[in-house]
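Work the whole structure out from these sequences, hints included.
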Amino acid sequence: MRVVVQDSPFDLGVETEKFAQGCSASGAIVTFTGVVRDVAGGLEVMEIEHYPGMTQSALEEIATQAVSRWSLEDALVIHRHGPLRVGEMIMMVATAARHRKDAFEAAEFLMDYLKSRAPFWKREVTSDGAAWVEAKAADEDALDRW
Amino acid sequence: MRVVVQDSPFDLGVETEKFAQGCSASGAIVTFTGVVRDVAGGLEVMEIEHYPGMTQSALEEIATQAVSRWSLEDALVIHRHGPLRVGEMIMMVATAARHRKDAFEAAEFLMDYLKSRAPFWKREVTSDGAAWVEAKAADEDALDRW
Amino acid sequence: MDVLYFAWVRERIGLPRERVDSSAATVMDLVEELRGREERYAAAFADISALRVAVDQELVDFDTSLNGAREVAFFPPMTGG
Amino acid sequence: MDVLYFAWVRERIGLPRERVDSSAATVMDLVEELRGREERYAAAFADISALRVAVDQELVDFDTSLNGAREVAFFPPMTGG
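Protein chains in written order, with numbering that gives the first Met the number 0: chain H, 0 to 145; chain U, 0 to 145; chain B, 0 to 80; chain W, 0 to 80.
Read the hints as simulated data drawn from the structure, not as lab findings.
Do not rely on the hints blindly, as some may be mistaken.
To be verified - Straight-line C-alpha distance at most 20 Å; calculated SDA-like pairs for lysine to any residue: (1) U:Lys100 / H:Asp143; (2) H:Lys135 / U:Arg97; (3) U:Lys17 / H:Pro8; (4) H:Lys100 / H:Lys135; (5) H:Lys100 / U:Lys135; (6) U:Lys100 / H:Ser115; (7) H:Lys100 / H:Ser67; (8) U:Lys17 / U:Asp37; (9) U:Lys17 / H:Arg36; (10) U:Lys135 / U:Asp37; (11) U:Lys100 / H:Asp127; (12) U:Lys17 / U:Arg97; (13) H:Lys100 / U:Lys100; (14) U:Lys100 / U:Ala136; (15) U:Lys17 / U:Gln5; (16) H:Lys100 / U:Ala136; (17) U:Lys100 / H:Glu139; (18) U:Lys100 / U:Asp73.
As structure tokens, this is what we get:
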């Protein structure tokens with residue numbers, strides 16, 4: 000299991016390949032990547048604030064839960080903070096399991112928890128000013144299924 | 000949309016990175032990778048037979064369905080045939096959508112269809128002999144949810 | 000028409016494809032015709048529920064018409080992915 | 000104890016962290032104490048349902064005891080991923 004919190008970019012291809020190479024007993028590998036998207040139009044930068052003392056341990060707790068609940072061979076979480084431009088990758092998760100159902104479910108679980116339980120806050124800066132991204136009720140509701 | 004059927008290996012990292020770079024409007028990218036696993040123990044080679052005239056068009060039809068049903072920005076399917084060793088990657092799918100739910104669902108849909116509707120047949124060769132992999136009732140049932 | 004066999008159907012019948020001159024109206028009629036040929040065909044087609052069929056490279060049911068069909072393929076349930 | 004603020008809570012109060020000497024028994028008692036300080040605190044803590052709280056870096060409810068707590072953090076609902 001590997002959990003990384005960093006401000007620098009990560010290489011999705013390298014991380015995915017490395018993760019897969021390390022999982023010789025798994026038949027199924029799932030990755031999810033979140034990318035900065037210009038939702039409203041005119042996004043200049045997305046700033047991601049986090050809670051340094053808590054982030055790493057919160058992510059490790061979530062990943063540990065996923066590994067034990069779905070008997071994963073391995074799990075990976077990378078999450079960036081700081082200023083990001085449109086098209087930049089914000090984060091990724093990867094899961095490896097014997098069967099596809101477990102790998103998919105564990106990845107969705109990780110994402111649902113990251114969205115609402117990991118101490119990150121997004122702020123969008125456009126030419127019109129800056130605004131904190133509001134949490135969606137749908138993201139909170141998504142946790143109910145686990 | 001890209002659908003590739005080949006006997007040679009593919010580079011998961013390169014394909015994943017290239018796919019993500021091409022999807023500037025998507026916030027969510029999901030990949031699934033299937034790897035040869037030694038289920039019974041003693042697997043020497045897994046041979047994948049396919050129906051050359053039908054494979055490409057069947058995969059394209061499945062991918063087209065996924066793209067339209069989940070409004071994907073893009074979808075990728077790579078599937079190998081021929082002899083493969085334990086740990087080799089058999090296939091991958093990738094999906095790109097605005098929201099994570101669509102990207103996950105479309106990838107799971109693609110996998111469920113690939114398992115039961117794409118003309119591939121797996122044969123496992125061990126020191127005890129060779130046997131065709133039997134289709135699982137669970138894989139057929141998985142199609143019912145779509 | 001061309002008749003193709005894959006996986007253990009191919010192994011049981013002993014060849015991957017053959018030219019068949021048939022006036023069978025449906026896939027099931029063709030199956031009956033092939034069953035009557037030799038023991039290896041009867042064995043391959045013994046249990047239709049264990050088989051799938053494609054006509055002109057589209058998955059179909061066994062009651063599908065063969066009118067105009069150029070290629071019929073028989074095989075076990077697929078195990079891709 | 001150390002009290003930390005993130006995102007718009009930090010902006011509204013105007014600082015990221017401060018040392019608070021308090022004998023508040025629970026998180027909610029601490030919130031009441033802070034609310035009484037100045038308008039900017041009252042504004043930040045006006046609607047508790049819009050806030051989340053962590054004590055010693057664990058997410059908790061507002062009725063959680065502060066007995067032995069070294070660090071309390073207030074912030075809006077998280078938007079990671």
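Problem - Numbers of unmet hints, in rising order - result: 4, 8, 11, 14
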